[in-house]
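Student: If you read the protein sequences in the order shown, they are chains W and Y.
Number 125 in full-length UniProt numbering belongs to position 125 of the first sequence; there are no gaps in the numbering.
Number 77 in full-length UniProt numbering belongs to position 77 of the second sequence; there are no gaps in the numbering.
Note that these hints are calculated values from the structure, not bench results.
Misleading hints may appear alongside valid ones.
[Said to hold, decoys possible] Taking lysine-lysine pairs in the DSSO-like style, the calculated list, with each CA pair at most 30 Å apart, reads:
(1) W:Lys162 - W:Lys174
(2) W:Lys11 - W:Lys162
(3) W:Lys11 - Y:Lys56
(4) W:Lys189 - W:Lys222
(5) W:Lys78 - W:Lys189
(6) W:Lys162 - W:Lys189
(7) W:Lys3 - W:Lys199
(8) W:Lys78 - Y:Lys48
(9) W:Lys199 - Y:Lys48
(10) W:Lys199 - W:Lys189
(11) W:Lys162 - Y:Lys56
(12) W:Lys3 - Y:Lys47
(13) W:Lys78 - W:Lys199
(14) Y:Lys48 - Y:Lys38
(15) W:Lys76 - Y:Lys48
(16) W:Lys3 - W:Lys189
(17) Y:Lys56 - W:Lys174
(18) W:Lys199 - W:Lys174
(19) W:Lys104 - W:Lys222
(20) W:Lys174 - W:Lys104
(21) W:Lys76 - W:Lys189
[Said to hold, decoys possible] Below, a sample of chain Y positions facing chain W; criterion: calculated Cβ distance under 8 Å:
(22) Arg23
(23) Ala52
(24) Val80
Note that the Cβ used here is the ideal one computed from N, Cα and C, for glycine as well.
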Amino acid sequence: MAKTIVITSGKGGVGKTTTSAALASGLARQGHRTVVIDFDIGLRNLDLVMGCERRVVYDFINVINGEAALHQALIKDKHTDNLYVLPASQTRDKDALTAEGVEKVLEELAEDFDYIICDSPAGIERGALMALYHADEAIITTNPEVSSVRDSDRILGILQSKSRRAELNMEPVKEHLLLTRYDPGRVEKGEMLSVEDVKDILAIPLLSVIPEDRDVLNASNKGLPVIHLPESRAGMAYEDAVQRFLGEEIPMRFTSAPRKGILQKLFGG
Amino acid sequence: MSLLDVFCHRQKKERENSAAIARERLQILVTHHRSDMKAPDYLPEMKKDILAVIGKYVTVEQENVSIHFESADDISVLEVEVTLPEEDQTKVRMA
């Protein structure tokens, strides 16, 4: 039975696509057949982060409109076995995303895959609503920052009222908090909301804390999901997220600042 | 303590408190949003009707009327707060 997971946030620029690429790669690396779909019609980016932008021939909208078969549009990831990317259309607008069309494609994917990851666009319009509608589980990507936390709360409300599970009175969508761009040093100085603050305000279980890390940009520059950089702190935190998602119990990391040496204390840095 | 120190200290203090301020602001917003979510479906229509009734007697701006629905365990409370404009207040009292 395939599981559909939406990566959502409301606010833009908080790390949905980075997270989609990392988690999809992590799940596939564990041997699960995984497909990751870009729902950001007109502004596709997942292909760039996954490093397959030059292999896009057909897209999600082509499949919905019957202009291409699903297997023609799916791109096999070159870093990980068991992983496929369904890119968004770059030329159409979000109205091309019909509820029936999306449902048909997801049903077809469910026959072949264990996990279907839906990378949501920002906002609460059609693209975002379509991405979350079929979700069994939701990963709420949030920055420790006021506007991101408020938007996450808004998206939680929408998941609880407008998802398929809500409309059909089924068991609610399982929610996970993923706190990204976390800087424990600034939290200790009282300059940034802490993990506990955000957890208390949103009141949903925490999946992982992804620390602020230069490697996230380094990885996207190269078109390589950050989870593949073994030395990267963000990559390790995403790997933890995958393990926890699969039911492992592992302690949280990267939630406190590394201790500074005496020279760093004196001269900063 | 030099003047510069005082300045630096103040700046530092302002920065130090910012996370606590953020937390407080968000808690208010989110609690509000969540209680609105739990409100019954008829509430928006009822709000309009209540506003219309008030409007028959006094002229009040929409932002001066707040209508909240709250529910805890086995009790639901509908709270209507109307801030009357100064001159109308005298009119109401005179009536």
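Student: Against the 30 Å threshold, does the CA-CA distance of Lys3 of chain W and Lys199 of chain W hold or violate the hint?
Tutor: The given pair, whose Cα atoms are some 25 Å apart, holds under the 30 Å limit.
Student: Check the hint pairing Lys104 of chain W with Lys222 of chain W against an upper bound of 30 Å on the C-alpha distance.
Tutor: violated (33 Å)
Student: Checking one constraint from the list: CA of Lys189 of chain W to CA of Lys222 of chain W, max 30 Å. Satisfied?
Tutor: violated (34 Å)
Student: Mind checking the alpha carbons of Lys199 of chain W and Lys189 of chain W for me, to see if they're no more than 30 Å apart?
Tutor: It holds: about 19 Å lies between the C-alpha atoms, which stays within 30 Å.
Student: Hint check: Lys199 of chain W vs Lys174 of chain W, CA-CA at most 30 Å. Holds or violated?
Tutor: Within the cut-off at roughly 15 Å; holds.
Student: Assess, step by step, whether the Cα of Lys162 of chain W is no farther than 30 Å from the Cα of Lys56 of chain Y, and give holds or violated.
Tutor: The given pair, whose Cα atoms are some 37 Å apart, is violated under the 30 Å limit.
Student: Is Lys56 of chain Y close enough to Lys174 of chain W, meaning Cα to Cα at most 30 Å?
Tutor: With Cα atoms ~48 Å apart, Lys56 of chain Y and Lys174 of chain W exceed 30 Å; violated.
Student: Is Lys199 of chain W within 30 Å of Lys48 of chain Y, Cα to Cα?
Tutor: The given pair, whose Cα atoms are some 36 Å apart, is violated under the 30 Å limit.
Student: Does the structure keep Lys162 of chain W and Lys189 of chain W at a Cα separation of 30 Å or less?
Tutor: The given pair, whose Cα atoms are some 39 Å apart, is violated under the 30 Å limit.
Student: Take the C-alpha atoms of Lys48 of chain Y and Lys38 of chain Y, compute the straight-line distance between them, and say whether it is at most 30 Å.
Tutor: The hint holds at about 18 Å.
Student: Assess, step by step, whether the Cα of Lys76 of chain W is no farther than 30 Å from the Cα of Lys48 of chain Y, and give holds or violated.
Tutor: The given pair, whose Cα atoms are some 55 Å apart, is violated under the 30 Å limit.
Student: Given the hint that Lys11 of chain W pairs with Lys56 of chain Y, test it: the Cα-Cα distance must not exceed 30 Å.
Tutor: violated (42 Å)
Checked against the numbered hints listed earlier, the structure breaks hints 3, 4, 5, 6, 8, 9, 11, 12, 13, 15, 16, 17, 19, 21, 23, 24; every other hint is satisfied.
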